[in-house]
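Number of protein chains: 2
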Amino acid sequence: MKIYLAGPDVFLPDAIGIGRRKVEICTSYGLIGLYPLDNVVDLAASDVSLTIFKGNEAMMDAADAIIANLTPFRGPSADAGTVYELGYAAGRGKLCLGYSNDPAPYRDRVARICDLTASDGRLVDPEGLTVEDFGWPDNLMMIHALDLHGCPLVTPHEPPTDIWHDLTAFETCVRLAADRAKGKSS
Amino acid sequence: MKIYLAGPDVFLPDAIGIGRRKVEICTSYGLIGLYPLDNVVDLAASDVSLTIFKGNEAMMDAADAIIANLTPFRGPSADAGTVYELGYAAGRGKLCLGYSNDPAPYRDRVARICDLTASDGRLVDPEGLTVEDFGWPDNLMMIHALDLHGCPLVTPHEPPTDIWHDLTAFETCVRLAADRAKGKSS
Numbered sequence: 001m002k003i004y005l006a007g008p009d010v011f012l013p014d015a016i017g018i019g020r021r022k023v024e025i026c027t028s029y030g031l032i033g034l035y036p037l038d039n040v041v042d043l044a045a046s047d048v049s050l051t052i053f054k055g056n057e058a059m060m061d062a063a064d065a066i067i068a069n070l071t072p073f074r075g076p077s078a079d080a081g082t083v084y085e086l087g088y089a090a091g092r093g094k095l096c097l098g099y100s101n102d103p104a105p106y107r108d109r110v111a112r113i114c115d116l117t118a119s120d121g122r123l124v125d126p127e128g129l130t131v132e133d134f135g136w137p138d139n140l141m142m143i144h145a146l147d148l149h150g151c152p153l154v155t156p157h158e159p160p161t162d163i164w165h166d167l168t169a170f171e172t173c174v175r176l177a178a179d180r181a182k183g184k185s186s
Numbered sequence: 001m002k003i004y005l006a007g008p009d010v011f012l013p014d015a016i017g018i019g020r021r022k023v024e025i026c027t028s029y030g031l032i033g034l035y036p037l038d039n040v041v042d043l044a045a046s047d048v049s050l051t052i053f054k055g056n057e058a059m060m061d062a063a064d065a066i067i068a069n070l071t072p073f074r075g076p077s078a079d080a081g082t083v084y085e086l087g088y089a090a091g092r093g094k095l096c097l098g099y100s101n102d103p104a105p106y107r108d109r110v111a112r113i114c115d116l117t118a119s120d121g122r123l124v125d126p127e128g129l130t131v132e133d134f135g136w137p138d139n140l141m142m143i144h145a146l147d148l149h150g151c152p153l154v155t156p157h158e159p160p161t162d163i164w165h166d167l168t169a170f171e172t173c174v175r176l177a178a179d180r181a182k183g184k185s186s
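Protein chains in written order, with our numbering: chain A, 1 to 186; chain B, 1 to 186.
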């Protein structure tokens with residue numbers, strides 16, 4: 001089973017190193033990890049972002065599954081590029097797995113950046129826009145996409161000390177994928 | 001042509017009203033707009049979020065195209081649920097269109113919420129994570145998904161006074177979709 005390794009990990013200072021660790025964990029479970037930065041890109045080219053897109057899309061098309069790092073990124077929700085990729089994988093019928101190293105419910109994540117109030121039976125932000133309040137860590141579309149197209153979101157009970165480098169929840173996703181690859185029901 | 005109308009519009013105080021306006025604009029171009037809140041949902045049911053997910057997914061499956069409102073939402077990027085849906089639509093081979101009522105480049109959007117610095121040739125946020133700096137308004141995956149699976153992101157030259165209710169950019173997307181439906185090359 002080939003697994004596309006999606007996440008804002010590519011933005012870390014040690015993006016290459018964490019990708020290598022993720023691929024090694026996949027290998028230890030008999031799976032093949034495909035990491036976006038393994039694509040060869042000429043960073044001096046004028047169309048570098050388009051090349052990155054095409055490389056990532058081809059890698060997703062070649063994969064059987066995705067493991068998306070949905071840890072909140074610059075706000076209450078996951079990284080937009082990663083979320084796009086999770087959607088794309090679901091649309092293509094791939095096995096979808098994901099984790100967040102921050103288990104906090106979405107309403108609490110939003111409350112970190114602004115005040116929430118009740119208005120006409122809705123929980124709203126200062127702009128008056130509804131704050132989803134189903135108890136899930138992020139928008140319901142991603143949460144239930146994982147439920148129905150793969151395995152439920154994996155989260156730790158408490159955030160690890162280093163949310164960008166702790167791979168415990170990631171490894172749980174790999175184990176779940178390996179079980180699926182072996183035809184187990186877990 | 002049936003068009004799924006994705007966006008954080010569903011979180012507005014007048015979510016029903018704006019959906020009605022969007023559907024009417026589609027109708028005026030000979031297209032059928034499908035708005036998530038048109039699905040019937042029992043808000044008192046215990047599995048309401050799952051019902052919403054299934055309704056949205058079925059609506060997307062029934063659509064030929066998507067128009068995603070990618071105006072930044074609670075941070076520098078678009079609403080996560082909308083981004084998921086754009087990815088899903090792209091994966092399913094639908095015609096993909098999108099707009100953002102905020103035309104600002106991503107680096108400027110991030111600079112609104114934190115200080116950016118240069119580090120080892122990278123533009124980074126206070127956590128040391130790279131800030132994409134290709135000049136696009138949002139993550140390259142969404143930008144190029146629109147380029148390659150539909151029409152380039154539509155943005156106004158200047159943000160409208162009411163970014164959540166101005167439908168000028170939305171109507172441009174509808175016109176582009178109508179042109180495609182008629183087999184024009186635009």
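By construction, these hints were calculated from the structure, which means they are not laboratory data. Some clues are possibly wrong.
Which copy is meant is left open, because identical chains are indistinguishable; a pair holds if it fits in one copy or across any two.
[Said to hold, decoys possible] List of simulated lysine to any residue pairs, SDA-like, C-alpha gap at most 20 angstroms:
1. K54 to L123
2. K54 to G128
3. K2 to R107
4. K54 to R92
5. K2 to P103
6. K2 to I16
7. K2 to T130
8. K54 to P152
9. K54 to A104
Is it within, between, both, or neither for K54 and A104, if the alpha carbons may be no more than 20 angstroms apart?
-> neither (34 angstroms within a copy, 24 angstroms between copies)
Could you place K2 and P103 in one of the four classes (within, between, both, neither) given a Cα distance threshold of 20 angstroms?
-> neither (27 angstroms within a copy, 37 angstroms between copies)
Same-copy or cross-copy closeness of K54 to R92 [CA-CA at most 20 angstroms] = both (16 angstroms within a copy, 17 angstroms between copies)
With identical chains treated as interchangeable, where does the CA-CA distance between K54 and P152 reach 20 angstroms or less: within a copy, between copies, both, or neither?
-> Between. Shortest inter-copy distance 16 angstroms satisfies the 20 angstroms Cα cut-off; intra-copy 28 angstroms does not.
From the Cα coordinates, with 20 angstroms as the cut-off, is the pair K2 and I16 best called within, between, both, or neither?
-> within (19 angstroms within a copy, 43 angstroms between copies)
Checking K2 and R107: alpha-carbon separation at most 20 angstroms within a copy, between copies, both or neither?
-> Result: close neither inside a copy nor across copies, 35 angstroms intra and 33 angstroms inter.
How would you label the pair K2, T130 (within, between, both, or neither) given a Cα cut-off of 20 angstroms?
-> neither (38 angstroms within a copy, 27 angstroms between copies)
Intra- versus inter-copy proximity for G128 and K54 (alpha-carbon distance at most 20 angstroms) = neither (38 angstroms within a copy, 26 angstroms between copies)
20 angstroms Cα threshold - placement of L123 relative to K54 = neither (40 angstroms within a copy, 23 angstroms between copies)
Hints 1, 2, 3, 5, 7 and 9 from the list above are not met by this structure, while the remaining hints are.
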